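Chemist: Since the structure of chain A is provided, determine the placement of chain B on it from the hints.
Residue numbers (numbering that gives the first Met the number 0), protein chains in the order written: chain A, 0 to 422; chain B, 0 to 543.
Among the hints, a few may not be true.
Claimed, not checked - Within a straight-line C-alpha distance of at most 25 angstroms, the following computed DSS-like cross-link-like pairs (lysine-lysine) qualify:
#, chain 1, residue 1, chain 2, residue 2
1, A, K280, A, K223
2, A, K26, B, K318
3, B, K171, B, K399
4, B, K222, B, K459
5, B, K171, A, K61
6, B, K399, B, K329
7, B, K222, A, K61
8, B, K459, B, K188
9, A, K223, A, K26
By construction, these hints were calculated from the structure, which means they are not laboratory data. Note that the structure is predicted; figures quoted are calculated from it, not measured.
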Amino acid sequence: MPILPLLLMVGCARQPPGQRALALHAKEELEAAAPLYRAAREQEPNRAQWPYLLGVLHLTLKQSHAAVESLSAASRLDPVAVPVRLRLARALFESGDIDAAERVARQVGADPEALYWLGRALLARGDRSGIAYLKQACSSAPAFGAAHYALAVALRDAGDAAGAAAEFAQFRAHPSLDPPVRSDDPYMEEVTRLRENMPLEQVRRGVQAELAGNLEESARLQRKALELDPNFAQAHINLVSLYGRLGRVPEAERHYRAALAINANQPELHHNFGVVAASVKRLDDAAAAFRRALEINPYHADAMVNLGQVFEWQGRWPEAEPQYREAIRARPNFRLAHFQLGRWLVARGRHREALSHLGQAAVEGESNALFWFGLATASAGTGDRAGAFRAAARAHRLAAASGQRELAEAISAQFPAAAGATR
Amino acid sequence: MKKALTVFAALLAGCSARPTRPEPGRILRDVAEVSGLRFRHDPHLGREHHLPEIMGSGAALLDYDSDGDLDVYLIQSGPGGNRMFRNELVPGGQLRFTDVTAQTATGHSGYDMGVATGDYDGDGNTDLFVTAFGPSALYRNRGNGTFEDVTRASGISDARWSTSAAFLDYDKDGDLDLFTAAYVDFTVKGNVPCFDASGARDYCNPSVYRPLPDRLYRNDNGKFVDVSAQAGLGAAFGNGLGVSCADFDGDGWPDIFVANDGNANQLWINQRDGTFRDTALEAGVAYNADGAAQAGMGIATADFDNDGDEDLFVTHLAKETNVLYVNGGKGVFTDLTIPFRLNRVAVAGTGFGTAWADFDNDGFLDLFIANGAVTAVESQRGEPYPYRQRNQLFRNEAGKWFREAPLAALPLEVSRGAAIGDIDNDGDLDVLVSNNNGPARLLLNDSPRAGHWLRVRVEKAPPGTRVVLHRPGMPPLWRRVHTDGSYLSASDPRVHFGLGANPGGPSRLEVIRPSGARQTILVPGVDREIAVVAPSIKIKPGNP
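Chain A extracted, bound-state conformation (with noise of 0.2 angstroms):
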């Protein structure tokens, strides 16, 4: 039985420090991985890999002083690569050492990250030329939601309000913080190519391609991911969704009846594959999905309002309100719940009391069409005709600039005087 463990360990150590460190960096075993870099440095002191990647190593580690000691030992060695400089330029900025931060990040040129952290130093000693560094990071790279971060909060000091306004909305749009990812990193290379054959990275990058909105991408990363990890539970989950919201339903169902088979008390795998049932009305099935997932987390409140909606697909009215209500409990400006009870209760002539919910739902900011008719109708129920009619003129702009034609004919039934309302 011992002789499986002692072979691979031997073959471990016959591995060079360098491979084992790769290895390790990239399974993100990185205090295992320090001293092995450092290994490899001693055994090739001229290969600029090794001190390199242990800065990358230091500097998420947070440990700035020792990633500027080794990545400006692997400048010293490769003083072409921009990679390399980028990162020293962030090492020194990190150690405090701002006016050397700039100089490396000057050196680099015009490239987004380098103007980024060019304009963060200059910032810090409270140059404000450090503004027009950010605003050509932004330019050049817009999704590059740090530097739109800094530069927000550089507009903000600098008292141009709407100007720093524009950025923080440009931040929430891009909050990915990553600089535009380089094609001239060779010496990461290595670790980005061990980490394919992790299930964990494929399934990062596919909730990745599903924030972009590619479903399809982020369904192949997920499939990849079980390729690697038939038991990966996780993907499965998401599998359910995503092939749900492709309509793909039977796919959707083969991964919920394999999750279960891992671990069934997953109360997103029962929320999702509910959500699935319920588009395709099989009612039952979904209901038992959602009650399946508050017996395990009974703080669900997607599930209960899915649940209280799925009630009244069935005819069971008075059994929705209970989970309307619970939602709100547990959330208390959850928006959706505020509707479905709202609606719920217009629908029972309560008008008065849908109000305050449909007032919780339709909120400025909103931009659900829905919740706006929901609330101009409530509110022609109480016999606030300004109201309805100010809230029916907002759901049907709304609708129809989000091209829900059917929904502005309805809000145009019902309100004729609201179709033509001009903001």
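Modeler: Below, chain B without anything else, positioned relative to chain A:
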């Protein structure tokens, strides 16, 4: 011979001209065991790595029996219950603790997390609010050495996972309301198995679960009404762990800062009409200077740079940095962690409890951080509980920057809560540390006196009352009455001033209550406690 004597005299003169400054890092000595404070936190570890196991628990320093010294309340997770220890310093004269849990009826035994202290019923006695993974509890101090569990009668019914809590008078109606942070919707049944990089079971990142909204309860004559939704607090929420209430924008109304674990923090600015608005993003405290949401755990709030506004320090994971947000005066902050050198650490820890405290009485607030990992420390893999880390103390170098002062004499533990107060009433600040799966530590400050001090007890002062010490020719020192902040813990409400070697000439003490009422008092001398009772003062003999 004569020459040698001269040199010796010159050395002596040099020494006396410049008082020795002790290293705060060497002055904290654990006296828990010898003083009778025997308590061991037991998270009831199982094999499934349930997330609540690694998150607790807290501790409180409070004078429950109003005898003038600080008693200790320690939170337990599960059977065994919380413990109350009475400090026998007054009148006994010796720091000794007696377990009075049974007499005081404070042995709540849920899977408890934290504690907040405050006089919610305005009877002059300190009450207790206990947060938990499960139902929280409110204990009213009867004023006769006993408490009663008034949870049900108070209207507070919250069985979700609540963490830090704070009493505050957000509507300025004269009674204390309650804010509780909530973490995630973890359930035992829904426990997700998580693994570390080596494939071993470990505790999950909270992002595996959904965040829960925090709660604000308005005190209506002793009944607490959940006003979270109408106050607008549900508009944004994360995995709440730390809470600190202070007037961050300087408008005279209490605001609320919430440190979220892995999500943007919230800065709820009081709109003075019963509602709050989250300004954390524009204020620059939602994220660090890189724009990154970090794992916010504990909070220390104070005017560390003596400019009259409240600055924030937030603790995070070891692979992040703790962050110093410096207030520009109107609730707009700048992350100045790097210039103040708070990212320069010997070994990074995962910070939880934290507090500003002038440990060496030099007039500048130092920082204490209680550390303990939440996922296995690589170098400790294979150990039964591989989450131990060293606590940290950062010394404020005359307001210019901070320098880590080693706490080498203390063991590596999994620290969570930290409460600050002058436990032995000797004029310097001590620390109570609660450890996860370990003993409570009472770290006594044994510093040879580096500076003079003044302690102010403002009677019937709601949290947020500001106490300003005006000294001729020196900048004023701003402190505030509070027990909240840190992590899951409650600190000494008395206000402490370190005054340095030269306390200055005749000083004035200004007390500004949240109502706007101001009192000015001439300080009769230093190295003593002053009790401020509107409109007159009582002076207690000092024990320098």
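Chemist: If a hint holds in the structure, say so; if it doesn't, say that too.
Modeler: Right, here's what the structure says about each hint:
no., hint, verdict
1, A/K280 - A/K223, "violated (30 angstroms)"
2, A/K26 - B/K318, "holds (15 angstroms)"
3, B/K171 - B/K399, "violated (36 angstroms)"
4, B/K222 - B/K459, "holds (20 angstroms)"
5, B/K171 - A/K61, "violated (43 angstroms)"
6, B/K399 - B/K329, "holds (22 angstroms)"
7, B/K222 - A/K61, "violated (47 angstroms)"
8, B/K459 - B/K188, "violated (45 angstroms)"
9, A/K223 - A/K26, "holds (18 angstroms)"
Consistency with the previously given hints fails for numbers 1, 3, 5, 7 and 8, ordered from lowest to highest.
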